[in-house]
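> Sequence:
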Amino acid sequence: MFDYNITLRGCISYITESLGVSVQFNAHTADTSDPSATLPLLTSPPPPRGVWVPSGGIEDFIRTLYQNILDRDPESQTVVNLWTGQTYRHGLAYTIGGFFMSDEYTGRALPKEVTAGKFYLAVLGRQAEPAGLLDCYDNLVMGISLRDVAGHFIGSDEYRQKVQAGTAPHPIHWP
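The opening residue of the sequence shown carries number 1 in our numbering; numbering runs sequentially from there.
Incorrect hints may have been included.
Label pairs and their in silico Cβ distance ranges [claimed, not checked]:
#	residue 1	residue 2	range
1	T78	R108	20 to 26 Å
2	E158	N81	26 to 32 Å
3	E75	D157	20 to 26 Å
By construction, these hints were calculated from the structure, which means they are not laboratory data. C-beta atoms are modelled at their ideal positions from N, C-alpha and C, and glycine is treated no differently.
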């Protein structure tokens, strides 16, 4: 008799390994004729903190803003939902600016060069190069609003390329 379970395990293992996903099989052999037999649990390693995962949608992007701007996780799903709703109504630049204008962030009184670096990390997902950091810093010193600075990042060629590559959310969201 042919062992379908072993073949199924081999196929699933091959497919998931090629996709970079790990598989955890149950310790016992499932009876393939039993419709209630448990299937393997597909798991992926958790993404690094502060990195947007496209499958997580705008809610995941909100979580990365918490991590990259406020240096913490959101306190509840309720606040994630509030920021998500704001993003649907006003767009990403407005929401990103809102994080930087929050009492929590402004209460830290961080130097403008730190804020400039956080814009790069939060929006572009990378550290700033010296020229870009200086440009952002100069905009902040000149008093350009935090929402306008966020709009500059969202409107940049680099951000548009990230959207096209699927590594950043589109700046305008509809629920």
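> If a hint holds in the structure, say so; if it doesn't, say that too.
Tested hints:
The hinted window of 20 to 26 Å between T78 and R108 holds, with their beta carbons roughly 23 Å apart. Checked against the hint of 26 to 32 Å, the C-beta distance between E158 and N81 comes to roughly 29 Å, which is consistent with it. For E75 and D157, the Cβ-Cβ distance of about 35 Å falls outside the hinted range of 20 to 26 Å, so the restraint is violated.
Hint 3 alone, counting from the list given before, is not met by this structure.
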